[in-house]
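What follows is the residue order along each chain.
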Amino acid sequence: MKLHEYQAKGVFADAGIPVPDSTLASTVDEAVEAADEIGYPVAIKAQVQVGGRGKAGGIELVDDAAEARQAADEILGMDLKGLHVDRVLVEAAVDFTDELYVGVTMDRAEGKPVAMVSTRGGVNIEEVAAEEPDAIVREHVDPAFGLHPYQARKAVFEAGIDRDVAIDAASILTQLYDLWAERDATEIEVNPLMVTDDGEVIAADAVMNIDGDALFRQPELAEMEEEAAEDELEAKANEYGFDYVRLSGNTGIIGNGAGLVMTTLDLVDYYGGSPANFLDIGGGAKAERVANALDMVFSDENVDSVVFNIFGGITRGDEVAKGINEALDQFDEIPKPVVVRLAGTNASEGMDILNTDLVTVEKTLEEAVQRAVSYAAEAEQ
Amino acid sequence: MSILVDNDTRVVVQGITGGEGKFHAGQMIEYGTNVVAGAVPGRGGQEIHDVPVYDTVDQAARAEDANASVIFVPPAFATDAIFEALDSPLDLVVAITEGVPQQDMAKIYRKLEETDTHLIGPNCPGLITPGAAKLGILPGNIFSEGNVGFVSRSGTLTYQVVDNLTQRGIGQTSAVGIGGDPIIGTDFIDVLELYEDDPDTDAIVMCGEIGGEDEEEAAAYIGDHMETPVVGFIAGRTAPPGKRMGHAGAIVSGSGTGTAESKIDALNDAGVSVGDTPNEVADYVEDLL
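Here the protein sequences line up with chains A and B, keeping their order. So for the first sequence, my numbering puts the first residue at 1; every next one is plus one. So for the second sequence, my numbering puts the first residue at 382; every next one is plus one.
Be careful, since some hints might not be right.
[Stated by the list, open to error] Taking lysine-lysine and the DSS-like style, the derived pairs with C-alpha atoms no more than 30 Å apart in a straight line are: (1) Lys154(A) - Lys112(A); (2) Lys624(B) - Lys112(A); (3) Lys154(A) - Lys488(B); (4) Lys624(B) - Lys81(A).
Hints are computed from structural coordinates only; laboratory data are not their basis.
One chain only, chain A, in its complex shape (with noise of 0.2 Å):
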């Protein structure tokens, strides 16, 4: 779950992390009384979860009223990268001299956090990692015993960052550690680190992840899991509980695992359609949450054609079919053509009570990708 940076900071803020003073703002009123009272010049900044905000138009440094009013004005309701824009953050722009890199993430293949500092903040620093890996200073640390402050001079120090700051800097990142491994976060990332004209180092963004699967035990962070939601199906995804992804084509995937549904998506691109979506949902589904699904990729007005492609484990095909035909009894005609496949646990007895009037049934995963593909294809001439 990637928490918007209006949420992120404020989880900074707690944490005793510099921040900018900020509000967010829903309105263009809102957003010129909070420039009014922050005092200017401020920066007006979309809260939309894309990378590049600022080169796409997404952010706006303004220095009174008439263009605080102007620059909310052409944020507020704008398309960023395809996501609306229904809020922005207005805040304190800060005088800098320098932008720094500071972030604490998992390093997969080592199965071990890694703190990394850099003094090439402010630009794309993956764009850094991959032309100069060095300009990155990487410091493991052993999750039982957390980052040592040691760890955090040595990386900043290595870093090259001035000896003015680089104390400040160093109990940044440490607080930053603490707060990765406290809230279960997978990435942490401030970039910049701004250094200001007093030589104070202040959050001006925050980039923070949390772990999906320890949201039991962050409550605080559970309940804002709404508020990061995308868009409204992925929102409508959460409640039902599914793994939804919502893609650009047209062709509805629903399948039970996560490598499975891959594959469906894949072979709907190689038998040339375009898939819609990815909907896993999950090990041992009974008849409602079959129906949920169902319903959810119906509510995308981009499908044409459903594939619903199951291979029982734990997963029962009597259950899978029982909610397919509960999802389509209450539509007097089925909105969207759906094909299905069931293999594994159950599939036979599941055959059996499948309701054939309702829906295409194919006996393989190709043919049943490459039926959905061509009902796609029709529907969109």
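Following the hints, position chain B against chain A.
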């Protein structure tokens, strides 16, 4: 021959009194697995499927001379259950539970450095040696005895590809689902190494997916160290960057590492044929045998 499990494997089921644990312990026994004990705190002295239950894994392992455990406990208790198993006299621990927090896995990973016990998973379907034993939730009926070693990061994708093999009369020495999380106990290389040393395994199928660099590392290992031919499959060619595709580990990073393309290229470079579809994987295996 086989890898990791066989007729001599004596299994403790952690969480045998829970819904999942009870059901799958029954399925494992029905398959012929030697389930010798259950372990559930506070339930010692009971019996489930005629199997004695102990309060601790250590007691269960010592009393019944067990050498493996399978974990079916809910995510909030799974970390503790894994540590308990790793501190008991067992050779193999299989964690089925999905949703173990990543930071807990980092601590478990550190623990693994100081023990010889194999941990499979978490978030995995388990493993099976057809005709001998299964530890986990894999549906036994789709597997058959044979000479192909199988290893995969995904559960249901395993079923799909194994089914394609079995339908053509191609059986398996063993099949291991290593799990879809970013940090796992046993990785591709560990399993490939075991198959390479198994005289009955004549070919290997390896199913990977987007995210991380395990497949690339496995490809390098295959190129440098393996004689046994390998056929590959990679799920997630159409996955967009930055989105977690169900599995916590299945994510292409913003900078483009972890893509299907990079994994397929690495495998091809190591001489591994990678199927475009599950069926094509079976075609390649058929050609090899």
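Quick rundown of the hints versus the structure:
Between Lys154(A) and Lys112(A), the direct Cα distance comes to roughly 18 Å. Compliance with the 30 Å bound is thereby established for this hinted pair. Only pairs whose Cα atoms come within 30 Å are accepted, and Lys624(B) paired with Lys112(A) is accepted, the gap being roughly 22 Å. Restraint check for Lys154(A) and Lys488(B): satisfied, since their Cα atoms lie roughly 23 Å apart, inside the 30 Å limit. Our distance criterion of 30 Å between C-alpha atoms is met by Lys624(B) and Lys81(A), whose separation comes to about 15 Å.
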